[in-house]
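Engineer: The lines below spell out each chain.
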Amino acid sequence: MNGLFTPLKPVSPGLRIVLGVSCFVLFFLGWGIATYGGFVRPLFLASPGDSLIAGWALFTEFGFAEDVVVTVWRVFAGFALAAALAVPLGILMGAFKPVEAFFEGFVSFARYLPASAFIPLLILWAGVGEAQKILVIFIGSVFQLVIMVAVIVGAVRADLLEAAYTLGASNRGVVLRVLLPAASPQIFEALRLVLGWAWTYVIVAELVGASRGIGHMIIDAQRFLDTGQMIFGIVVIGVIGLITDLAFRALHARLFPWARGRA
Amino acid sequence: MSILSIRAVEKTFPGRRGAAPTRALTPTDLEVADNDFITILGPSGCGKSTLLRIVAGLETPSGGEVRLLGTPVTRPGPDRGMVFQSYTLFPWLNVRDNVCFGLRERGVPRAEQREVADRFLAQVGLRGFENHFPAQLSGGMQQRTALARALANDPKILLLDEPFGALDHQTRELMQELLLGIWEQHRKTVLFVTHDIDEAIFMASRVVVMSARPGRIKCDVPIDLPHPRSYKVKTTPRFAAYKERLTEEIRVETIKTLQMEA
Chain A
13 MNGLFTPLKP
23 VSPGLRIVLG
33 VSCFVLFFLG
43 WGIATYGGFV
53 RPLFLASPGD
63 SLIAGWALFT
73 EFGFAEDVVV
83 TVWRVFAGFA
93 LAAALAVPLG
103 ILMGAFKPVE
113 AFFEGFVSFA
123 RYLPASAFIP
133 LLILWAGVGE
143 AQKILVIFIG
153 SVFQLVIMVA
163 VIVGAVRADL
173 LEAAYTLGAS
183 NRGVVLRVLL
193 PAASPQIFEA
203 LRLVLGWAWT
213 YVIVAELVGA
223 SRGIGHMIID
233 AQRFLDTGQM
243 IFGIVVIGVI
253 GLITDLAFRA
263 LHARLFPWAR
273 GRA
Chain Z
1060 MSILSIRAVE
1070 KTFPGRRGAA
1080 PTRALTPTDL
1090 EVADNDFITI
1100 LGPSGCGKST
1110 LLRIVAGLET
1120 PSGGEVRLLG
1130 TPVTRPGPDR
1140 GMVFQSYTLF
1150 PWLNVRDNVC
1160 FGLRERGVPR
1170 AEQREVADRF
1180 LAQVGLRGFE
1190 NHFPAQLSGG
1200 MQQRTALARA
1210 LANDPKILLL
1220 DEPFGALDHQ
1230 TRELMQELLL
1240 GIWEQHRKTV
1250 LFVTHDIDEA
1260 IFMASRVVVM
1270 SARPGRIKCD
1280 VPIDLPHPRS
1290 YKVKTTPRFA
1300 AYKERLTEEI
1310 RVETIKTLQM
1320 EA
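Line by line, the protein sequences give chains A and Z. In this text, residue positions in the first sequence follow the numbering used here: the first is 13, and each later residue adds one. In this text, residue positions in the second sequence follow the numbering used here: the first is 1060, and each later residue adds one.
Hint data in this document are derived by calculation from the structure and do not stem from the laboratory. Among the hints, a few may not be true.
Cβ-to-Cβ under 8 Å is the rule here; a few derived chain Z residues that face chain A [said to hold, decoys possible]: (1) Glu1164; (2) Pro1168; (3) Phe1188.
Selected chain A positions facing chain Z (in silico; Cβ < 8 Å) [stated by the list, open to error]: (4) Val163; (5) Ala167; (6) Val168; (7) Gly180; (8) Asp257.
Note that CB positions come from ideal geometry on N, CA and C, so glycine has one too.
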């Protein structure tokens, strides 16, 4: 059972990095061959070099840094609002079954309402300013997060609760000092996932009625058929996503050393 | 003096989706004297754990009553310390804080919590492991921590639900000696559920044998072996005589269980 392809067999950390990097290398190699090799016309797909040059121009001539900041701010504002409501509500639903019975049906229904479909309504209600963009992200994330947190809290091992009761814990003590710490690593993991989804909503929100932001820049670039700028914008989103993901993972390892290898 | 009295306690679990309800326990009486070490011996599924969980307050009886020092048991409480068969240490707390848990819930000052926790950890042989997390411990060490956690609360009675059931045979025997040693020192009243005959005789002052489902107490055998008991007692003729008798009692019940399932 020493083969590299034995199911569930872990790889060494060194090989892990090599393999992960090779995927990126292959991706850029394929992209380079397709464009520099003349297989795809530049109008449809800019080469990696041209995209990079377009990106340089974006930062130096078009103030793209401000777009990035605006978009990041929208994502985090909408996500933070959603988390501030969804995490406590999800915990209450997971812990107290009457609360769950009350909200579950409605939240499950609301979860399937596509956030982007709310954009026209939100423009009507909140105009085309920041509030509207943030609300799109909020609506897109909050219901998903509530359900995920409720499920996580509801799945905490019952025998841990029983042990706490036999040690003299009250209901309040069990919620605060057993359910919460037991569920927090996975709640954190759920936040990481939902933040990823929030990024998809922000771009959709910025495609309509925005004057700044990465999504707005991409729409602007489309008008001039500047595929280099479009691609650069998309890649920037990916890079920011990757960075936040790594930050979340590092924070998870720091906050929950006891849960190593479980999440 | 009787510290715990179980009177006509019975339990029927409602049937799910129209299935017939399951009668786990027929009306059962048991008086537990102060300082008693009672092992409840029975085949699996005989309702012995149900009885223990009713005493703990984790299950409500369908009839009858449990009284601890005259007070009816209605809910779990720190006066009845429990060790479960599954590993129930809180994984986010280190060993010391696990042992402190009950004291903390009751608002004992931090310095006193630590002092009590360290004393009981030393007693179960875990000095030096105070700052380890449960995931870093072996099964035997986890159950010893769980025992220290239950003892730290100074309960009136200790309820043990097959606490060594998941451990390997050798570790299990050492754990029995450890628990017996602690009992010989503190004389804490113990109610210990097991299906292991050797374990039941070795530690007990009384072995209560339960019948196959629906469970009832079939016989009550006082174990008259001297204290302090060492593991060597397991090879004496008197131990063998107890074992022979209890083996017969349990065998009949196990066969009944098998026939029920067939």
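Engineer: Take the hints in turn and mark each one as holding or not.
Structural biologist: Going through the hints against the structure:
1. Glu1164: 5 Å, holds
2. Pro1168: Cβ of Pro1168(Z) sits 16 Å from chain A, so the hint is violated.
3. Phe1188: 15 Å, violated
4. Val163: 19 Å, violated
5. Ala167: Where the cut-off is 8 Å and the nearest Cβ of chain Z is about 14 Å from Ala167(A), the hint is violated.
6. Val168: 11 Å, violated
7. Gly180: 3 Å, holds
8. Asp257: Constraint on Asp257(A) not satisfied, violated at 24 Å.
Consistency with the previously given hints fails for numbers 2, 3, 4, 5, 6, 8, ordered from lowest to highest.
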